[in-house]
Structures are given as C-alpha cells and as structure tokens.
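**Q** Keeping the supplied structure of chain A fixed, place chain B upon it in accordance with the hints.
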Amino acid sequence: MSFAPTLRPHGDLASLVAGSLNRKSRAWNLLRSQSETVIQPFEGIELGMSGDLAGFEREFDEIPDNTTDDVRLALWHSKMKHYMILSSAGKPIYSRHGDLSLINSSMGVVQTIISFYEGQKDPLLGFTAGNARFVITTEGPLYFVAISRLGESDAQLRSQLDALYMQILSTLTLPTLKNIFVHRPSTDLRKPLEGTESLLSSLADSFTKGSPSALLGALECLKLRKSQRHSINNIFLKNRADKLLYGLIVAGGKLVSVIRPRKHSLHPSDLQLIFNMLFESGSIKAGGGESWIPLCLPAFNNRGYLYMYVSFFDKPDDENDGDSSHHPARSHATPSIPEEPPEGEEESSETRSNSTSAPPPPPSSSSSSRPSPQSADEEIAIILISADKESFFSLKEMRDKLALSLQKSGYLSLIRSACRQGRPKISSISTSSSSTAHQEIQLSHFLYKSRANVQFCMPSLEPHFSGWEPERQIARRKLMSVYHQLHASMHAKHSHLKVLHSVGEDVASLAWITPVFELYCVAGPNASRAAMTQGANRVVQWAKKEEERLFIIGGGVF
Amino acid sequence: MADSGNAPKPSSSVKLVLLGEAAVGKSSLVLRFVNNDFQENKEPTIGAAFLTQKCNLPTRTIKFEIWDTAGQERFASLAPMYYRNAQAALVVYDLTKPTSLVKAKHWVAELQRQASPGIVIALVGNKLDLTNDEAGSGGDGESPGVDGEGDARKVTTDEAKTYADEEGLLFFETSAKTGYNVTEVFTAIANAIPETSLKTARGPGAAHAAARSEEQRVNLNGARDQNAKDGCAC
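Just so you know, the protein sequences line up as chains A and B, in that order.
Heads up, the first sequence is in the UniProt record's numbering, so the first residue is 1 and it goes up one at a time.
Heads up, the second sequence is in the UniProt record's numbering, so the first residue is 1 and it goes up one at a time.
Looking at chain A on its own, in the form it has when it is part of the complex:
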C-alpha cells in the first residue's frame, strides 16, 4: 500500500494519525518552508528515528540488576549524559547511571587520565571522544566529570558540575569536607554523603532534561498582581519570628514571596538546591508532616549550617480536579490548620482575568489536558530558614500564624489559583497598545531573563513541549538544546553578540541581549526573520509592562 502524505495535520492529531506513515521527504520539507501556516518547531519527531536524541525517552530508566554485565554495560553506554564524582585518590563517590561496581573500571580510567595531567601541573579541562564531550572540574580533593552527547558548551557543563559540588557542600560544609580528606585522603565519601544520592540525581536529571533556571542562573516567580504580592509580603513580614533569617513561599517550584534581612540577599544557586530538594526529589514531601533540615547554603556561607523549616500545604479537600483523591486524609498531619473553606471560584477567576491583559484561556481545557503528574506543580510550601538549630517551634508557630492569615485573607486560594493557572500561554502575550494585537504571535516559546532581578519567565510549555509521551520529551529536550546553543553563542568569550538569528532544518531561533534583559525565542523553521523580530519585540514590551507581576522586585525586607 502506498500512501503519500500531502497534508499534515497539526498538534496532537499529527502524532495520532500521521505517525510513522508520515516520514517526510526532502522535497516536502522544502515545500513546507514556503507554507503560509505556522509550523511548530521539531514537528518531525518520530520514534525510532536515528537522530541525536534517539532513545532519549529511556535516558532516565534504571539499569536493571538482573541481566548480564555485558547487557548492563551496553545500557550504560547508551545513556546520553553521565555525571561522575570521585576522590582524587580514585575512590568512586557518585555516578548517575549504573552502580559503582559496574563502572568501577571506568572510574579507574577516568582517575588515571585526570591525575596524569594533574601530575604535569596542566590540569585536564575537557576532551571529545566520538560525539561525547567530557568536561572535568577539580574541587579540592574531588574530581567531577560530566560526559554529554547533548551538545552543551563546556561552560554550561562546568556550571552543572559546580551545582553538584554545591550539593555536596550543602550536605557537609566546606570545612568538614576538607577535614575528612586532610585526615584520611583515602576516605570513602559515600558514607558521609549517604542518603543524598537522590538529591544529586534529581539535580543531574534536571540538567539532562534541560532546566531554564539552571541555564540562565535565574529564578522563576509565580505571576501575581503587584498589590497582591505586596500584601502577601506584608502578611509574611508581620508574622516574622525573631529567629528568622530568610522566609520563602514557594508554589510549584516558583517563588511567591521572599522576606530577608536588608543586608543579605538570596543567591540563585542556593535556591536551586532548596528547590531541588523540595520539588524535584521526593525526600521531603513523601513523609508528610513538617521537616527540620540542617543544610549549608554555600553561596551564603559555605562554612556552616542553617536550619530550614519546611511545611507543605495540604491540598484542599474540596478541589474537584480529581487530584485530591491521591492524598486522602492528610489533613491531620498538621492539626493546627483548620480545614480550608470552599474556594470562591468566581473570585479567583476574576482576579485571574485581571492579571492578564488578554482574555484568559478557558481554565477547564488546560486542566483537563494536563497529565496528572503535573499536580506536583501546584504544591505550595512555606520555607523558613534560621541560623538557630533550636528554633523549630518558634518557626512552626510563625508558620501556623502565617498560614492562618494567608487563608483568612484569601491569599492562599489566590496563590492556588495562580498556580493552577500555570504559565501564560504564548498566544495570550500581546500588547494592547499595538494595533496588531490580535494577530497571532509567531513564536512557539521563549525565555526572558530580567538581568537586574536575576529572574526569568517563560510561557507555558503546553502543548508541544510538555507531557510524558516520548515525542514530547524529545521535543522539550530539543527546545532546551536550542536554548543552550543560543546561550552558549551569546556568552562565548569575546563574541560580544547582541542579536543572533539562526534557522535550522526544524527550528528558527532568535537571541537578543541588552543590559536589561536576555531573550531567547524559538519558532517553526518557516518563520521569517521579520516575524520573529516582531514577536521578540512584543515579548519585550509585554515583559516590561508586566514586570512587577512577573518578577519579585526587592521582596520583603526587614
């Protein structure tokens, strides 16, 4: 049977109907670039194709114990990204894939190569073997190795390794780490780090999936009206305990409110560690209850511990989105918080439409198309950090008061609905002042970093770049790879680029850097440069207009 695909349906339909029948010819691709319709980037992703990312959907699968070593080694080699940590004495400490016995010999080779160069006083920074890039960093007694076939730049891989090092410091502090190796250079660091493998792995996996936050070294905030954020800050400040150093309200990995002393700000790399612990690895949430965690925030002070109180809000029982059934009867874990009253749905939808200038997309469709694991994106946590290890109960008391006033004032449900609303849809981003306001924006996605605020924002990844289907995972990784390439080009030493427009076979992209912002945009391969520039301008205008909603400027200071 022959079947010549002449028409290609868009979006979900494409993967459903066209599937493997639609292996596109060169001619088709050429023809398509003349097309008037908007083509999404990476439309041609098909499973089983031989491409850069073939098999990426299996990247995070564990290597099974119950097969032969040959099979396990083959699986290990098939991974696109490896992170290894070893001591300078050659003791393996951590590997993302494979248990240490499987890869002991690889670790040995790595150690031999690194120490050869160390011995020549010419430390090895990186090398390429086949299509894999090896990058090495040395931090005192520790070697960090990243092996990547995902095309990141050396600087990007280096900053990923740095984050892993920060996680180790966060567990041990720098003086402790040094002490351990001063006294016994051959120490097995796995014992002191016991239980933190999952933190290292969730950090590593966020890099492998591609994390805009890590790439840009910036944080993402929950979009709220300025007056609302101001009121939340004030409630936060009013309930402040004496022992408090930093206070954070975080919803689904996005910052809602921060309070801090005037002379200390919070470093993004420290917040990355906290967010990773709370939202990426399951360590804190799984047990329920409230947590009291000693941790070192290396960018704040790598010599000592702070103590972090964490409490997640229970899901409201009356939520009818089907998620609440997964967590029955959790409410008695924090008995001091009364049951939440039914949420004023009309109130929240009103504030919703106020907060975006464009009419909001119907919330029902966005929540129904959302896969259930995304409900983790809606978890709200209060994080209170103190230097006093005995301050748990005073921080708990603060939390209880804070939670009560947030709830009474309606701000808790406001945060919830802002969170459920998710990131703005790219189609909703337009400026009302422009005469072409209702002309559809040509971009598929963008990252906008406000340099002064060290924060970024981006539109929703749905529908093309989110989801658990392999095609979607690969599309998301491709998108992140484009951002990484743009970022690397813009930040290459001596390049001094301000604008970069690049067109590839399946994507067109634009980067634009000014002293105020960094903007990275992506569109389908047939998007014209004019259309992209227009889109970029619109995003910049939008971000300027919405600045105080998208970003936390200053925060609550005491």
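Rather than coming from a laboratory, the hints here were simulated on the basis of the structure.
None of these values were measured; they are calculated from a predicted model.
Beta carbons are placed, not taken as given, at the ideal position from N, Cα and C, and that holds for glycine.
Be aware that a few hints might be false.
To be verified - With a Cα cut of at most 20 Å, we get these calculated DMTMM-like pairs of lysine to aspartate or glutamate:
#, chain 1, residue 1, chain 2, residue 2
1, B, 63, A, 388
2, A, 498, A, 518
3, B, 42, A, 280
4, A, 178, A, 188
5, B, 42, A, 61
6, B, 42, A, 194
Unchecked claim - One-sided and incomplete, this derived list gives chain B residues near chain A with beta-carbon spacing under 8 Å:
#, residue
7, 48
8, 73
9, 178
To be verified - A few chain A positions that, by computed beta-carbon distances, are all more than 10 Å from chain B:
#, residue
10, 64
11, 175
12, 191
13, 389
**A** Showing chain B alone in chain A's frame:
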C-alpha cells in the same frame, strides 16, 4: 482512631522520638501510624520530620508529637536535640540486618545515659514481612515460601527479646508494609507512659482550643509540666 469525637477524656501531649540506623523503616512506621499508608522505596529522610497523631486509650487521649529523625551518621550529632525532654523513644532495627541491632543498642545506651530518666523506650524490629513468620506476612496473601526459603530474618526474636528484657524495654516486631503490630507499638507506649510524667501542652501557645477546653474540664495538675522538665538529666 484519630478522631475521638467529643469524648471528655483528658488529653496529653507526649514527645516521642524515633532513632535507628538508616533504612530500617523509621519513617515508614510513622507513615503507617499517622496516615495508614506505605511507600515502596521511600527516599531517605533529610534532617528530621515532625508529625502528630492521637492515640485513644480507654481513660485518656495521648497526642503523640513525633520526631522522625534521619538515620545517617552525619545527623547523629543532632539527635540530642530531638530526644531531650522526650517521654518516649522508638529505637528501630531491621530484623534482616544484624548490624542495625548493634546500632539500636548504641541508641538505647545513649538514651539511658542522656535522655530523661523516665523515658519509655520501645525496641522495634521492623520488616517482619520479609520473614516467614505468619504474623508479619499475613494480610495480603503474599506469604513467602516455606521451609526457610525466602526468609530473610537474621535477628531472632529471642535474641532481641532477651536484650529488651534485660534493659527494661518494650519489644515488638512489626511490618510497616503490612501494618502488622504498628499501632500496637504506639498504644503500648501510650499505656506505659507514667501518669505523672504527662503534661497537657508542650509549651505556651502550642495548645489548641480543643485541647484547652478539655484541660479546663479535667483537673490536671498544673505543675506537671514543670516536673517533667525538672526530671531531665541534662
């Protein structure tokens, strides 16, 4: 069992700490007791978790304030913070792992040396579901093979029981996975807490309105709180 309705029973808070080697199932026991839930391959606790759960006795209600501590060695120096003033301790070992009993004995010794003199200690051998004992594997029909096959037990009941008796500890073998004996441990602890060491609230501002009204209804000795603190060895 968490909800006693409006029964006018005296209610007291009891501070309880869980100690034991990493991965013996401390958090799983708490999760079973508090939420009646179990998670396979639970990730390690970081620092400590604080949870509360009520336990109804015929004559009174005990509100456990539970400190579920992380078992890793690097957190050991923080343990005194959690067992200080604790009225009860659950020292947990994994009955498929003899070294975890050794560690449990160290914790018992440290508690006897440093914690409040009246502290009620329960020694708990967890993961009974991995043995052939009928009690532990009962429930979901998933009983291991017969004649020692699939029996991962490495610490005999006798050995642990003898030690517990010598040291005057409560002793239980449990399965957080099946739920076997879990509530029994906490109930036994609640029963073993001497009446005199009970206090009505942890501290100022901590009592809830409900607890307060019960407090007013029943004449509890106001000086008890003081007594409990005086009794501390440190």
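**Q** Now tell me, hint by hint, if it's right for this structure.
**A** For each hint, the structure was consulted:
1. At most 20 Å may separate the alpha-carbon atoms for a hinted pair to count; residue 63 of chain B and residue 388 of chain A exceed this at roughly 27 Å.
2. A hinted pair counts as satisfied when its Cα atoms are at most 20 Å apart, and residue 498 of chain A with residue 518 of chain A qualifies at roughly 9 Å.
3. As the CA atoms of residue 42 of chain B and residue 280 of chain A are separated by approximately 14 Å, the hinted pair is consistent with the 20 Å bound.
4. Our distance criterion of 20 Å between C-alpha atoms is met by residue 178 of chain A and residue 188 of chain A, whose separation comes to about 13 Å.
5. For the proposed pair residue 42 of chain B and residue 61 of chain A, the alpha carbon gap of about 18 Å is at most 20 Å, so the pair holds.
6. A hinted pair counts as satisfied when its Cα atoms are at most 20 Å apart, and residue 42 of chain B with residue 194 of chain A qualifies at roughly 14 Å.
7. Against a cut-off of 8 Å between C-beta atoms, the interface hint on residue 48 of chain B holds, since the closest Cβ of chain A lies about 5 Å away.
8. Hint status for residue 73 of chain B relative to chain A: holds, with the closest Cβ pair at about 7 Å, below 8 Å.
9. Using the Cβ-Cβ criterion of 8 Å, the hint placing residue 178 of chain B at the interface with chain A is not satisfied: the shortest such distance is roughly 19 Å.
10. Look at residue 64 of chain A: its CB is around 15 Å from the nearest CB on chain B, clear of 10 Å, so calling it non-interface holds up.
11. The Cβ of residue 175 of chain A sits about 14 Å from the closest Cβ of chain B, beyond the 10 Å cut-off, so the non-interface label holds.
12. For residue 191 of chain A, the non-interface assignment is contradicted: its Cβ lies about 7 Å from the closest Cβ of chain B, within the 10 Å cut-off.
13. In this structure residue 389 of chain A is not separated from chain B by more than 10 Å, as the shortest Cβ-Cβ distance comes to only about 7 Å.
When held up to the earlier numbered hints, the structure conflicts with 1, 9, 12, 13 and fits the remainder.
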